[in-house]
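Given the sequences, and given the hints that come with them, work out the whole structure.
Protein chains in written order, with this note's numbering: chain A, 2 to 102; chain B, 2 to 102.
Hints listed in this document are in silico derivations from the structure and should not be mistaken for laboratory results. Keep in mind that the hints are not guaranteed to be accurate.
Just so you know, same-sequence chains aren't split out, so a pair can sit in one copy or run between any two.
[What the hints assert, rightly or not] With a straight-line Cα cutoff of 30 Å, these simulated BS3-like cross-link-like pairs (lysine-lysine) come out:
#, residue 1, residue 2
1, 20, 91
2, 91, 12
3, 67, 12
4, 91, 67
Protein chains: 2
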Amino acid sequence: MLIVLVQVHVKPESVEAFKIATHENASHSRLEPGIARFDVLQQADDPTRFVLVEAYRSSTAPAAHKETAHYRAWRDAVEPMMAESRRSTKYNNVSPDDASY
Amino acid sequence: MLIVLVQVHVKPESVEAFKIATHENASHSRLEPGIARFDVLQQADDPTRFVLVEAYRSSTAPAAHKETAHYRAWRDAVEPMMAESRRSTKYNNVSPDDASY
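What follows is the structure, given as structure tokens:
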């Protein structure tokens with residue numbers, strides 16, 4: 002399993018629009034065969050900060066995700082909402098194992 | 002759902018011991034009624050860095066977790082393995098909803 006954590010910081014006036022657009026993208030992303038999880042988290046003490054927890058079943062699944070219509074629509078919709086560039090970090094699962102994702 | 006992301010930086014010589022101790026703690030933690038998920042991730046480009054993704058079903062569940070024998074054993078076992086203090090950040094779930102955790 003390849004897990005990508007994406008740190009997102011949005012403009013204060015874009016918080017609600019970002020949540021709607023990102024829930025839409027997440028709902029479609031979870032139906033991709035290469036995606037085991039696609040969670041959207043909002044920071045409790047700063048509602049302008051979010052983390053996306055994206056769990057991919059293979060090293061090629063992230064590229065496949067970026068070719069989908071729902072990803073491209075989301076990318077374009079949220080581009081003007083960003084307060085700063087998104088930051089991604091890649092992880093491997095230690096626990097649980099792949100079968101539990 | 003209350004999701005806590007814990008950033009962990011361990012000493013290079015402690016990486017394997019930390020993985021074993023943390024897998025043990027995570028396996029027991031997932032059996033707690035207040036815990037929906039307890040994932041352990043290792044950073045792909047720096048094996049000394051980990052993230053714990055802890056999803057709690059209520060605001061009181063984190064305190065209950067810290068009273069368990071498995072948490073206390075883990076806390077004491079990993080204390081000398083830390084390269085720096087752990088950092089926790091709290092989040093709320095935007096997507097999926099609670100029922101999907």
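Hint numbers not upheld by this structure, sorted from lowest to highest
none
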